[in-house]
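Participant: One letter stands for each residue in the lines below.
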Amino acid sequence: AQSVTQPDIHITVSEGASLELRCNYSYGATPYLFWYVQSPGQGLQLLLKYFSGDTLVQGIKGFEAEFKRSQSSFNLRKPSVHWSDAAEYFCAVVRTSGTYKYIFGTGTRLKVLA
Amino acid sequence: KAGVTQTPRYLIKTRGQQVTLSCSPISGHRSVSWYQQTPGQGLQFLFEYFSETQRNKGNFPGRFSGRQFSNSRSEMNVSTLELGDSALYLCASSLGLAGQETQYFGPGTRLLVL
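If you read the sequences in order, they're chains A and B. Position 108 of the first sequence, counting from 1, maps to 108 under this note's numbering, and the rest follow consecutively. Position 54 of the second sequence, counting from 1, maps to 54 under this note's numbering, and the rest follow consecutively.
Don't read these hints as lab results, they were simulated from the structure. Heads up, the beta-carbon is just placed ideally off N, CA and C, and yes, glycines get one too. One should not assume that every hint holds.
Unchecked claim - Think about it this way: if two alpha-carbon atoms lie no more than 30 Å apart in a straight line, the pair counts; the simulated BS3-like pairs of lysine-lysine are:
1) A:K111 x A:K61
2) A:K49 x B:K57
3) A:K68 x A:K111
4) B:K13 x A:K68
5) A:K49 x A:K101
6) A:K101 x A:K68
Stated by the list, open to error - From the structure, some residues in chain A lie toward chain B, with a derived Cβ separation under 10 Å:
7) R22
8) Y25
9) S26
10) Y27
11) G28
12) A29
13) F34
14) G41
15) L44
16) Q45
17) L46
18) F51
19) F63
20) A92
21) R95
22) K101
What the hints assert, rightly or not - Per the computed footprint, the stretches of chain B lying under chain A, defined by three or more beta-carbons under 8 Å from a beta-carbon of chain A, are:
23) 11-23
24) 69-79
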């Protein structure tokens with residue numbers, strides 16, 4: 001069955017430090033891949049998406065993600081974290097063939113220390 | 001341009017009742033998708049409507065239904081409420097089908113079933 005794994009439930013980083021959030025998926029073909037952010041009391045906001053092409057994707061708020069087919073991963077990165085980045089981050093995949101499935105990971109909650 | 005709006009924002013119901021949630025998409029968007037978010041199950045796709053037709057459906061019982069009107073506004077109905085239906089219900093709109101487009105999420109309706 002198709003699945004999305006975000007192995008880190010909580011991550012704490014200091015402001016100004018770099019960040020990497022992990023996302024792995026299981027699916028035979030390359031799915032469409034997304035990263036969303038959810039701030040407290042807010043809906044989700046799309047950070048970036050990957051459909052095809054260049055495997056390094058730039059998003060909003062200084063985030064980027066790299067698709068690695070060999071590792072079935074789509075990790076989110078930011079070189080320098082700001083206190084306002086504290087939120088919950090969700091990776092999501094969409095099947096590109098067969099029955100439509102839009103699957104979210106369980107989320108990673110980011111805490112930023114001043 | 002106004003964002004996605006959901007009404008009501010909060011709702012308290014008792015077991016066995018039914019509830020209708022409303023979602024107004026961004027002007028010009030033809031797709032509306034619904035998601036359920038709970039601490040235990042995370043974010044789960046309910047269904048997607050495009051041009052008044054249900055295009056995709058997640059793994060939820062028939063108690064969960066929806067519809068879309070000609071102005072793209074959508075409603076979601078849950079009949080015979082169960083305690084486990086307590087959740088944040090998010091709707092998202094997109095220009096085209098959700099799996100291929102950027103989705104814009106509303107703030108959600110928080111439903112509590114007593």
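Participant: Output the indices of the hints that this structure fails to meet, ascending.
Facilitator: 4, 7, 8, 9, 10, 11, 12, 19, 23 and 24
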